[in-house]
Amino acid sequence: MAVSKQGTLPAQSFDNVGELRERIEGQKPRRRYFLIVCEGEKPEPNYFDSIRRMLPREMADRITVKGQGYSTLRLVEAACDKNKERLSSGMPPYYHIWVVFDKDSFEDDDFDNAITKISALDRPSESNEGQDQHWHAAWSNEAFELWYILHFQETTGGPLSRSSYQQMLEKHIMNCCGIDRPYKKNATDMFTLLMRYTPQAIVRANNALRMQAGKSPHAQNPATTVHLLVEELLRYL
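The opening residue of the sequence shown carries number 1 in this note's numbering; numbering runs sequentially from there.
Keep in mind the hints are simulated off the structure, nothing from the lab.
A couple of the hints might just be wrong.
[Stated by the list, open to error] Result set (DSBU-like, lysine-lysine): computed pairs, CA atoms no more than 30 Å apart in a straight line:
{"id": "1", "residue 1": "Lys28", "residue 2": "Lys184"}
{"id": "2", "residue 1": "Lys117", "residue 2": "Lys185"}
{"id": "3", "residue 1": "Lys66", "residue 2": "Lys82"}
{"id": "4", "residue 1": "Lys82", "residue 2": "Lys117"}
[As the list claims (entries may be wrong)] Computed beta-carbon distance windows for the label pairs:
{"id": "5", "residue 1": "Arg123", "residue 2": "Asn186", "range": "31 to 41 Å"}
{"id": "6", "residue 1": "Glu154", "residue 2": "Met174", "range": "13 to 23 Å"}
{"id": "7", "residue 1": "Gly178", "residue 2": "Arg123", "range": "27 to 37 Å"}
Note that CB positions come from ideal geometry on N, CA and C, so glycine has one too.
Given only the sequences and the hints, what does the whole structure look like? Please build it.
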């Protein structure tokens, strides 16, 4: 279930958080509790935690980011377990539950079934112990770093192997950011490094999905829905 209208952030780049805040003024939604459960233990949690730390304290404290090290269906089960723990803890329930994972080399059916299962969990409150909860899949085909690449270029030219991501990303970071360094999955500054290009990345991610509409998720290569989560979080700036 999409939580925001796709492509609503401006296409121009911005130079700092203050500029982005001005551009999305008036779009702040009601503060909600978020659970973000990630397949990776470093890239995804580091990226989303960077966004979380930039948000106002009263919103940042409502966001929980977890890196599990699980894949596809097992990751969905882990998210369900964490949600059940929260519901029984007496703490405010999560309103948005995002599961972040990659296609990688996993079986096509496992990838598609994980997305289907998450959609099935997104049901009315009477099916969630009386709590109003919304489940979302932030998937990438083939890997999360595709989201980084979209900050610099369109990817609508055909299938793209994740084995080429690192070289592409390092070249773009050198050319656009003036930083010559190898990409490391445990980097903690990727959001701040790429921040000014995020609006273009959102537009390009939408373009990639539109070009492959009608295909099963496993066949949508390259494509990602990570931008839907990013866009939703940025509304709280």
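*Okay, Gly178 versus Arg123 on CB: inside 27 to 37 Å?*
violated, 48 Å
_Would the hint linking Lys117 and Lys185 be met if the CA-CA limit is 30 Å?_
holds, 28 Å
*Is it true that the CA of Lys82 sits at most 30 Å from the CA of Lys117?*
holds, 16 Å
_Lys28 and Lys184 were given as a pair; does the straight-line alpha-carbon distance stay at or below 30 Å?_
Violated, because 33 Å separates the two Cα atoms, which is more than 30 Å.
*Quick one, are Lys66 and Lys82 close enough, alpha carbons at most 30 Å?*
holds, 10 Å
*That 13 to 23 Å hint for Glu154 and Met174 (C-beta), does it hold up?*
The hinted range 13 to 23 Å holds for Glu154 and Met174, with Cβ atoms some 19 Å apart.
*Given the hint of 31 to 41 Å, check if Arg123 and Asn186 actually sit that far apart at their C-beta atoms.*
holds, 36 Å
In summary, the structure is inconsistent with hints 1, 7 from the numbered list given earlier, while agreeing with the others.
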